[in-house]
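Starting from the known structure of chain G, arrange chain E on it as the hints suggest.
There are 2 protein chains.
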Amino acid sequence: MCNKMRKIQLFVLLILGVCNVSFAQNILTLEDAILGSRTKFAPKSLNQLQWQGEMNKFTFVKNSTLFQGNVENDSIVSLLHISDLNIALINYDSITLKRFPKILWKNSEQLEYVENNNLFIYNISTGLFDVIINYPEGADNIDVCEANNMLAYTIGNNLFININGELIKVTDEDNPGIISGQTVHRNEFGITGGTFWSPEGKFLAYYRKDETMVADYPLVDISGRIAILENIKYPMAGMKSEEVTLWIYNIEKGTKTMIQTGEPKEQYLTNIAWSPDEKYIYIAVLNRGQDHMKLNQYDANSGDLVNTLFEETNSRYVEPLHAIEFMKNDEKKFIWQSNRDGYNHLYLYDTNGKLLNQLTQGEFDVTENMGTDKEGKFLYFISTQPDPIERQLYKLDLETHEVIRLTINKGIHNAVISQTGEYIIDTYSNISEPRIINLLSVEGNVIRNLITADNPYQNYKLGEITLSSVKCSDGKTDLDYRLIRPVDFDPSNKYPVIIYVYGGPHSQLVTNRWLGGSRMWQHYMAQKGFIGFTMDNRGTLGHGFDFESCIHRQLGKLEMEDQMKGVEFLKSLPYVDTSRIGIHGWSYGGFMTVYLKLHYPEIFKVAVAGGPVIDWKYYEVMYGERYMDTPQENPDGYEQANMKNYVDNLKGELLIIQGTMDPVVVWQNSLTFVQECVDRKKQIDYFIYPGHPHNVRGVDRVHLMRKVSEYFIDNL
Amino acid sequence: MCNKMRKIQLFVLLILGVCNVSFAQNILTLEDAILGSRTKFAPKSLNQLQWQGEMNKFTFVKNSTLFQGNVENDSIVSLLHISDLNIALINYDSITLKRFPKILWKNSEQLEYVENNNLFIYNISTGLFDVIINYPEGADNIDVCEANNMLAYTIGNNLFININGELIKVTDEDNPGIISGQTVHRNEFGITGGTFWSPEGKFLAYYRKDETMVADYPLVDISGRIAILENIKYPMAGMKSEEVTLWIYNIEKGTKTMIQTGEPKEQYLTNIAWSPDEKYIYIAVLNRGQDHMKLNQYDANSGDLVNTLFEETNSRYVEPLHAIEFMKNDEKKFIWQSNRDGYNHLYLYDTNGKLLNQLTQGEFDVTENMGTDKEGKFLYFISTQPDPIERQLYKLDLETHEVIRLTINKGIHNAVISQTGEYIIDTYSNISEPRIINLLSVEGNVIRNLITADNPYQNYKLGEITLSSVKCSDGKTDLDYRLIRPVDFDPSNKYPVIIYVYGGPHSQLVTNRWLGGSRMWQHYMAQKGFIGFTMDNRGTLGHGFDFESCIHRQLGKLEMEDQMKGVEFLKSLPYVDTSRIGIHGWSYGGFMTVYLKLHYPEIFKVAVAGGPVIDWKYYEVMYGERYMDTPQENPDGYEQANMKNYVDNLKGELLIIQGTMDPVVVWQNSLTFVQECVDRKKQIDYFIYPGHPHNVRGVDRVHLMRKVSEYFIDNL
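Chains as they are written, first to last, in our numbering: chain G, 34 to 749; chain E, 34 to 749.
Hints should not be assumed to be uniformly reliable.
Identical copies look the same in the list; a pair holds intra-copy or inter-copy alike.
Stated by the list, open to error - Simulated crosslink set (DSS-like; lysine-lysine; CA at most 30 angstroms straight-line):
(1) Lys638 x Lys714
(2) Lys715 x Lys638
(3) Lys715 x Lys73
(4) Lys73 x Lys714
(5) Lys561 x Lys714
(6) Lys494 x Lys714
(7) Lys684 x Lys561
(8) Lys684 x Lys715
(9) Lys598 x Lys509
(10) Lys494 x Lys715
(11) Lys561 x Lys527
No lab work stands behind these hints: they were computed from the structure.
The following block holds chain G by itself, in its conformation from the complex (with noise of 0.2 angstroms):
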């Protein structure tokens, strides 16, 4: 680990103070922090900043404008505006835009966005469009082909293709079970689409998901005049689930082929890629157990099986996220990410299957794979070095193998090549600045700066953000934490502490982004006196597959363990009031929020747990699995991990909320747990949003957070 010396502190509200003594008085609306931090608060930005096509200059939207910038000097020159756009949709029965559309560069000239059921595609030279493809009311997942402009998209569970104009109904399945083109296996494993135009457009790959045999949830929708059942499929863990198939469509041919993926029908094909020639689809398929994955090759004409390049096991889980990706000056050559070495490393094979090369090694995990430049001669890769709670800018020599690290400037950097490997925009945030986008040289020099964003809460009394570290219990991980301290912090004084939690895996709630990644929710109570304190455990993002994967099984025990040892170092300081501690946290962090409160009663005064899992039985197959194996194959770890089995240690006040319509973490885990506290004669507090799927989104996430913040307020 390379944290261990590092501490952060941002006195923000002594940087306010000497940015504008007179104004930072001002105390946050409830409103303001929910709704604002993307609004009001949101720092200053460039719009749709991206770089136009394979020019080295860059575009952005501002109001109604686009303009574009030149990386060889600083003119910044408009290039089209909202208007320009309308009138050369005179001819065409379409409905003039409001706002400039989300667009994406095609190349230098053609420049294209999806609108009013319409892709268009407009030529910046010409003043024209150069296609205009209608698709019919209703359809979703849109997938254009950049190499010929076809469009699929699926209406209800079937699949269509729009060529120029002509309509193929791909499938025509009735059953409502069957469903093609669209996502599959609960979006995990990296899947966020069901369709995959291969290269040059001549094949469709799309998946056909049969959930006919997984059993209904019952959701009820109480909106209309008569409330009615809406069922979902969801497929708990250790019950019937999905079968997933992989087909093809022959465009030419107007035909279509299974992929040979063979039984047993329960598995995961994941990570979908084509061989830029277009003869094979390479498929990770990892089975139910997922703990063996096979990276197959298969032939798109006849949809056999060609190889298995490689195979991955582990005892714990194989978790591919990354489909292989080929390299531009190779057609034989792939990149392949896997943490099978303990952390998500790059590795070079050929498509034989023949490793050629570990490109990155260490004690880090690559988080980005930016591809190559167009020779081929450097990658480029985000990382958590040196820093797990930064993400910096690399590059690797693939001849020489030397790694350059491009970004210097501490915090979370995101970056875009341009397509001539000559220039970077990087965009960056750390605890202290809001936002700065650079513009930088392949070697990492900073060529202009685009936006430095002012502190949007400049005029606000913002509490002091610490991260650090604490020990882990193993006495040798360092456990990253953030601590915000109340407003008007007098050291003499002791204070309420509120602990946010999420706890999982794939998240990362303590970074050096701008405030520490704090949500404003921490900085209103912050105002209202409490100290905010967040700490990621073993369990999450960041830290190698050891420190996620170690969960495995026990759910819960480990992450507690970890949330203790902060706890311990909260009671270490002096300005904590260490009997009036509360948790907080929402899902995973729902269900760390209530195991923790139920182990440690005398600790936690006051917990509020939203939408908690609360029975790992009753989540569903694909994330349930990976981390607890079925109820059959671990029932003690499943035991431990219920927390319907502690429910006699409640102690003090605990609110748990769910959004009626949840999809995701299903009622029945609070529901039940509701029913055992009754059952154990234990009092909780309940709230409930109505129709809200998971998460309480969008306006009504004000009342939410009010909810939750007078129960803290009035109760801990």
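Positioned in the frame of chain G, the structure of chain E alone reads:
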């Protein structure tokens, strides 16, 4: 009204002080208060007290023995021990009785009971079973024909008859939405069952309910491995309702005949009665609008309408609750109950529909017609005369029309006349007498006291109870209230008040029964220092039709006016802390609670509403449309009664509680209310009882009332 000068005060403390000074310090636990009143605090009684057929002897069960008492002397003899039944059962393959069964004397020698899927008829003279008839597992709605011991029962949605062991499948309907032999119209209009044996058992009349066209309301059962849907058919006000017909099964011929009740199909077939000669069946046919009833006579063989004997209409509603009862000495005459003159009275008709006499009249309601003696000379009834909070027994001379009051002592009397017409068992209680059972002569003279129960709370501190009345906002009507002072009352203190309210039709909370009808939870809260107050507003029972029906089309409005008269009275009391008034109610009382809280948020600091009707359009057709007409007919009335229109007024604490399987006031009510609160940015508290129907019963009720109690204790 006769209760103008009434004021009853029970100085419980004083009485207890005399009884047992040293022990009168005990305090009720919540378990005592909620579960104890029918167990450890149940006043002494005689179990299964009844007349033994046509004898002047009565029987009751004590421990495992049936005792026989003789009216002519003091003797009590043991008649039958459970072991006698068990010995007689040895020859039958039936399970041994562990406790004395619930028996019914068929005549002086035969007693009938149902156990372990058998109908038993035991002969006390022979010590043998005259009849044992088995019926299958899963059978329900068992209906024994007293004339010939045939058994009708339902399995699933079908109806069966067992004739001396021979099984007849009366209906054979696959569609679960078509149900025969079960209760219909949601048990309104006095309906309690779906089968009607003709007097001699030649016919079985039965309801056939077609609810295939009624909307499903989705309930969700979370108790299994995965939550499952449990649809109920729930016809909401103004929506499509069920279609009911009455059929007659001819035992001898095995034929079925539909009674020609005709169109419209959405009508109510209520108060089924057979003519003594089995030739005719009578139905009080009520239109869906519930303002026009026809008493129709049908031919039992052909099903044809013979005659409409008479009709009743009312601009508010007509609510037939009692089937016609034929005179024992004249099969051409029957008694009809109607509140057509403003109070519920008895009318004598002949079978041509000619009104012969109004048998009772005056400003009181007949609450029970006990029928006549064999000779048809005297008719016995119970009424609200002379005081609506009491029930007294009267005897009417059918020749002279003279009415004689038979019970003298104040209170709620319940009487059983012997079949000989010579004696009466009179059971009563009043505010200070827990239970008295007397044997009376038909002249009302007390022959013998059988039970005088001690005060079961004699060792407990209870608050003083007052029964009295305040003037209604109309300036004339008296509104009965019950006030419970806190334990250790000190008139110089100021006490908070909790109003317990119901306030809906068919209810009467304030009566001169034991402890004034108070719930022991109110006494529990009186021990905690809260005044308990309850008042019966207009819309409730016992004060005639106008008093009850004036709420028509405007539920909540007049009820609230009246309740505010109660609040006015409370405010006039020097020992009431007027800033601390809370209110609690369930069902209609939940509706009242929310209605009052939202109209007088300054008055009602804390409110707890259980299973509340929020919007009457979500309530069912039968009850809802009687009082509100349909939403189409009465849009303004529905709007004024819709709690969601008053959410902006919400201030202070409001807790709503509901069972998650509530099939009566469906969950949509409180869920949409919470949604409205969220939409209107109002905070509210909420709790649910998973798996519970409309009321939380059993041991979980302690949890519920602890939740309610703590809410008042913490917030009021």
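Here is how each hint holds up against the structure:
1. Taking CA atoms no more than 30 angstroms apart as the test, Lys638 paired with Lys714 passes in both settings, with 19 angstroms inside one copy and 27 angstroms between copies.
2. Proximity of Lys715 and Lys638 under a CA criterion of 30 angstroms is satisfied in both settings, with 15 angstroms inside one chain copy and 26 angstroms between copies.
3. In this assembly of identical chains, the alpha carbons of Lys715 and Lys73 lie at most 30 angstroms apart only when taken from different copies (24 angstroms versus 44 angstroms within one copy).
4. In this homomeric assembly, Lys73 and Lys714 come within 30 angstroms of each other (Cα to Cα) only across copies, at 21 angstroms, whereas the closest approach inside a single copy is 47 angstroms.
5. In this homomeric assembly, Lys561 and Lys714 come within 30 angstroms of each other (Cα to Cα) only across copies, at 20 angstroms, whereas the closest approach inside a single copy is 34 angstroms.
6. With identical chains, the CA atoms of Lys494 and Lys714 are at most 30 angstroms apart between copies only, with a shortest distance of 26 angstroms across copies and 44 angstroms within one.
7. Taking the shortest Cα distances, Lys684 and Lys561 sit within 30 angstroms of each other both inside one copy (25 angstroms) and across copies (22 angstroms).
8. For the identical chains of this complex, Lys684 and Lys715 are neighbours both inside a copy (8 angstroms) and across copies (28 angstroms), given an alpha-carbon limit of 30 angstroms.
9. Taking identical chains as interchangeable, the C-alpha atoms of Lys598 and Lys509 lie at most 30 angstroms apart only when both belong to the same chain, with a minimum of 13 angstroms there against 72 angstroms between chains.
10. Proximity of Lys494 to Lys715 under the C-alpha cut-off of 30 angstroms is restricted to the inter-copy arrangement: shortest distance 27 angstroms between copies versus 40 angstroms within a copy.
11. Only within a single protomer do Lys561 and Lys527 lie at most 30 angstroms apart by alpha-carbon distance; the minimum there is 13 angstroms, versus 34 angstroms between protomers.
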